[in-house]
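Protein chains: 2
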Amino acid sequence: MSKVFVDVGISLDGFIAGPNGGAKNPLGDDGLKIHNWMFKQKAFLSHLKLEGGETNNIDNDTIEKTIDRIGANIMGKSMFIEGEANWPEDSPFHCPVYVLTHEKRESLVRPGGTTFHFTDENIYKILENAKKSAANKDVRISGGARTIQQYLNAGLVDEFIIHIAPIFMGAGVRLFEHLDKTKFSFAINNIINSSEVTHLFYNVKNK
Amino acid sequence: MSKVFVDVGISLDGFIAGPNGGAKNPLGDDGLKIHNWMFKQKAFLSHLKLEGGETNNIDNDTIEKTIDRIGANIMGKSMFIEGEANWPEDSPFHCPVYVLTHEKRESLVRPGGTTFHFTDENIYKILENAKKSAANKDVRISGGARTIQQYLNAGLVDEFIIHIAPIFMGAGVRLFEHLDKTKFSFAINNIINSSEVTHLFYNVKNK
Chain A
1 MSKVFVDVGI
11 SLDGFIAGPN
21 GGAKNPLGDD
31 GLKIHNWMFK
41 QKAFLSHLKL
51 EGGETNNIDN
61 DTIEKTIDRI
71 GANIMGKSMF
81 IEGEANWPED
91 SPFHCPVYVL
101 THEKRESLVR
111 PGGTTFHFTD
121 ENIYKILENA
131 KKSAANKDVR
141 ISGGARTIQQ
151 YLNAGLVDEF
161 IIHIAPIFMG
171 AGVRLFEHLD
181 KTKFSFAINN
191 IINSSEVTHL
201 FYNVKNK
Chain B
1 MSKVFVDVGI
11 SLDGFIAGPN
21 GGAKNPLGDD
31 GLKIHNWMFK
41 QKAFLSHLKL
51 EGGETNNIDN
61 DTIEKTIDRI
71 GANIMGKSMF
81 IEGEANWPED
91 SPFHCPVYVL
101 THEKRESLVR
111 PGGTTFHFTD
121 ENIYKILENA
131 KKSAANKDVR
141 ISGGARTIQQ
151 YLNAGLVDEF
161 IIHIAPIFMG
171 AGVRLFEHLD
181 KTKFSFAINN
191 IINSSEVTHL
201 FYNVKNK
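So the sequences go chain by chain: A and B. Counted from 1, the first sequence has number 185 at position 185 by my numbering; the numbering is strictly sequential. Counted from 1, the second sequence has number 202 at position 202 by my numbering; the numbering is strictly sequential.
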């Protein structure tokens with residue numbers, strides 16, 4: 001049975017992106033810094049078909065394990081718009097990606113196994129389709145913040161992973177807001193720590 | 001040489017207190033929940049001269065180590081006002097506490113070794129006095145958020161410890177805002193995890 005999980009990098013003051021994000025400014029002002037720990041790891045770079053990167057460290061292992069479990073992604077329209085303008089042609093998912101949008105658009109097949117499906121069905125139905133696509137793998141709610149919040153508030157997330165970089169953004173897009181805390185609670189599952197980032201793994205109990 | 005440190009409990013969405021805090025509502029609506037993990041530990045309860053509590057666990061050890069290192073506290077006026085109305089007569093510091101306030105008031109000696117000094121000197125001078133009082137122990141910037149932010153922005157904090165409870169407040173007093181991130185950076189020092197709370201220890205590099 002596919003699990004549904006969130007896996008997202010965050011600054012210590014709670015932002016997943018800087019202000020003024022968009023196609024020409026992916027992740028907003030200074031937002032890329034939230035992921036500096038990740039950009040240097042081979043597991044991330046090779047997923048983008050880029051050379052180099054560090055191996056044999058806990059951050060690389062953590063990325064590798066996450067990538068291995070993803071069978072399908074769900075993302076919001078804004079995240080897709082930012083990504084479409086910036087991802088390489090061989091975009092970094094290598095599996096189906098369901099994009100929440102009211103725009104009618106044919107599915108977009110990119111080299112390397114990524115197919116973007118554009119859908120305005122309700123979030124339950126979209127998840128059902130994503131689970132079918134994922135087969136025995138898991139579904140990742142990729143972002144952005146609003147999409148993650150929607151799925152969390154609907155009681156549809158099983159696991160929530162955050163990677164806290166010890167940096168401060170001061171402004172931008174907050175991850176943990178607009179939450180209906182009567183609908184779910186978090187329980188600590190595991191913590192992995194390196195000198196650059198702290199990985200926190202929570203199980204979500206839905207009510 | 002005394003270290004200056006912050007040690008504060010925080011919700012996963014970044015709050016150190018709920019909304020509507022004050023003398024009659026210490027830590028604000030639902031704010032006490034941020035510290036549930038702490039209230040059950042012997043190291044905390046015995047500091048309040050209360051019986052019972054759990055021992056032989058990593059959370060209790062963490063509290064004990066923190067308490068042992070404190071030679072003096074610095075706190076803001078609002079924190080003091082909330083506390084004065086709610087701390088037991090034998091208030092839970094057992095060392096000098098410097099309260100930032102413009103109110104003129106004689107030092108207040110409480111049983112059990114806590115003396116509150118009320119001061120409107122600048123924060124550098126107050127810290128100097130606190131360090132003298134602390135002798136070979138450390139100075140804790142106790143709170144609230146504004147006092148912590150002031151000391152952090154002044155480049156006066158050496159270590160920053162947060163205890164993240166896996167709960168959501170939704171509203172209240174944020175710890176990490178109004179920060180001048182050009183003045184300091186955080187480096188991960190250590191992480192301690194239990195099933196109820198995650199203790200993150202950062203070293204502060206002041207610029």
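Don't take every hint at face value.
Any copy, or any two copies together, can satisfy a pair, since identical chains are not distinguished.
Said to hold, decoys possible - Listed next, the in silico DSS-like pairs over lysine-lysine satisfying Cα-Cα at most 30 Å (straight line):
id : residue 1 : residue 2
1  : Lys205    : Lys24
2  : Lys3      : Lys49
3  : Lys40     : Lys205
Hints in this document: simulated from the structure, not taken from any laboratory.
Hints, one by one, checked against the model:
1. Within a single copy, lysine 205 and lysine 24 get their C-alpha atoms no closer than 38 Å, and across copies no closer than 33 Å, so neither meets the 30 Å cut-off.
2. For the identical chains of this complex, lysine 3 and lysine 49 are intra-copy neighbours only, at 27 Å inside a copy versus 47 Å across copies, given an alpha-carbon limit of 30 Å.
3. Proximity of lysine 40 and lysine 205 under a CA criterion of 30 Å is satisfied inter-copy only: 23 Å between copies versus 34 Å inside one chain copy.
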